[in-house]
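Novice: With the sequences and hints as input, model every part of the structure.
Chains as they are written, first to last, in the working numbering: chain D, 1 to 162; chain P, 1 to 135; chain C, 1 to 271.
A couple of the hints might just be wrong.
Simulated restraints, written as ranges between beta carbons of each label pair [said to hold, decoys possible]: (1) C:Ser123 / P:Gly83: 50 to 58 Å; (2) D:Thr20 / C:Gly65: 18 to 26 Å; (3) D:Phe101 / C:Arg208: 44 to 52 Å.
Straight line, CA to CA, 25 Å or less: simulated PhoX-like cross-link-like pairs of lysine-lysine [to be verified]: (4) C:Lys110 / D:Lys84; (5) P:Lys38 / P:Lys72; (6) C:Lys74 / C:Lys110; (7) P:Lys64 / P:Lys82; (8) D:Lys87 / C:Lys129; (9) C:Lys179 / P:Lys82; (10) D:Lys11 / C:Lys127; (11) C:Lys74 / D:Lys2; (12) C:Lys110 / D:Lys87; (13) D:Lys93 / C:Lys179; (14) C:Lys74 / D:Lys93; (15) P:Lys37 / P:Lys64; (16) D:Lys84 / C:Lys129; (17) P:Lys77 / C:Lys74; (18) D:Lys16 / D:Lys106; (19) D:Lys87 / C:Lys74; (20) C:Lys127 / C:Lys110; (21) D:Lys87 / C:Lys127; (22) P:Lys82 / C:Lys4; (23) C:Lys74 / D:Lys84; (24) C:Lys129 / C:Lys110.
Everything labelled a hint here was simulated from the structure, so no lab data went into it. No residue lacks a Cβ here, since even glycine has one placed at the ideal position from N, Cα and C.
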Amino acid sequence: MKQSVYLQLDKLHRKKLISTDIRNLGIGIVGLVLFSGFILNLGLCTMDHLPVFSFYAVCFLVAQSFYISPLIMVYEEGYVSIFKKYKNVPINKHLFLQSKFILLMKFSVLFFLPVQLLHFAGLTRTSTPLISITGFWPAFAMAGAVFLQLIFIRIMARELWR
Amino acid sequence: MPERERQVFIIQINISSMSPLAIYEQIINQIKDAIIKKSLVPGEMLPSIRTLAKDLQISVITTKRAYEELEKEGLIKSVAGKGFYVCEQNTDYLKEKQTAMLENRFASIVLDSKKSGMSLEDILETVTFLYENSD
Amino acid sequence: MTEKALEFQHVSFAWPDFSLSDVSFSLERGYLMGLVGFNGSGKSTLFHLMENKIRNYTGAIYIDGYDCRLQEPKVKDITAFLSEEQQFFYEETAEGNADFLGPYYSSWDKETFRTCLDRFEISRTHKLKDYSRGTFIKFQLAFAMAHHPLLYVMDEPTAGLDPVFRYDFLRILQDILEKENASVLFSTHNTGDLDRIADYITMIDKGRILFSKDVETLSDEFQAGLAENEKFQIRQLFCKGRWKSVTAADNYSNSFQKKGTCAALAQEAKL
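Specialist: Here it is, written out as structure tokens:
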């Protein structure tokens, strides 16, 4: 089975597994929160204050979790790694994992871009230049969040090799 | 104890868990009887090893063994890809078997007649009478 | 020349409290093997080895020629494992499970799954967590049949099934053996099942294979060495499947009721 098939299946599963509506609502709320943050920082000219970075990181982590966790865990009297269910299924373990990483990356990039743009917009009201570390906070925050998620997924997936 | 009875094609094979004979021997005997009694005729196809096993609820190893023994004795033959068929029977062999069966029956009748006091002449008279008056 | 459905070759390992010693036996395509042994003798261990849950052992296990340790995805594609501890999505329905797990098999056929669900009278609306043990096994069988494996490996499948379905279950297995030329390995404590359907019987005790023979050879061997009353009882018990009728010889009847044929077979094997 090719990677593309794994991707297709994962996309399908994500929709079926747990109520997509709540998940999407969650992602939407995070979006709203980010937007409100933007408005606030814009008004107060505080786009370059450090807490903003943590704020981004946390929001991204939450949004990513809403998005990807149906493919990583299931709720059965407590959260259980989904990989347990696939131990006797003839999956290609690497492709199986990789497709989740790919979906996570795609989502993260799509999600962070608007935030990055708004961040730039907010920065114009401050003295910090756009092309600087501060200017790319959303990118770094997203990278950090993705990294943490990947570690988490890897840990959950150790079930496959137990 | 439940006796297992199954209708197999046109002959009926009963295997019994009570019998001292092994199951494959019971099958062999019943097929032999059917051939002698002409309820299985030459050229007729027997149920497959698996079908027989399924119907009698026994292992295919057992039915296979029964069929292989019968094949060794020349009573049936296997045709590759098709199954087991009853052979053109050696009429001498059949006759021999039938005679042996009849002899046994004669033996018990003679014994009973002797016990009830009939003499040899009486027995022969009865037999002649019955022979001439039957069709 | 076709490969054997299953082959254990000199498999051994040693744990502090349990070990397997030189386990070797095989099963050809199209036959059914019953695995018998006391609890703790190693039956489940053999299944775990086939599932590649235990990997530190010497020797090799092949399913249709594929190494269970080195070619795991291929082995899992052609093998179905049925037991109480198999993992599924308990909060999903039968069909939900089929959708999540089925497509990864190369011969997955959803129609067969649906047909089997109906035939086995399994509810489509209930979640798996609500199934009784018997229904759960039936579901596993339906799921297995839908991906057409060549080997079914079952851990005490008929325990917890009502007699009517148990009879049906065995008939379904016979159908599978015939139509798909598949093989079945199942562990059981029920000698009645073995009488009705087993072609081969393998007995394991304390991690060692006592014997692995076809039923006719076993039957002959029992018939051959008998003189005493007790051995005669054992023969009746095993060959004719009338184990409940054994009431004479108290020392044996107790062990039969507690341990079934296994005690008797173990005794015989050592003679």
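Novice: Tell me the numbers of any earlier hints that the structure contravenes, in ascending order.
Specialist: 1, 2, 13 and 17
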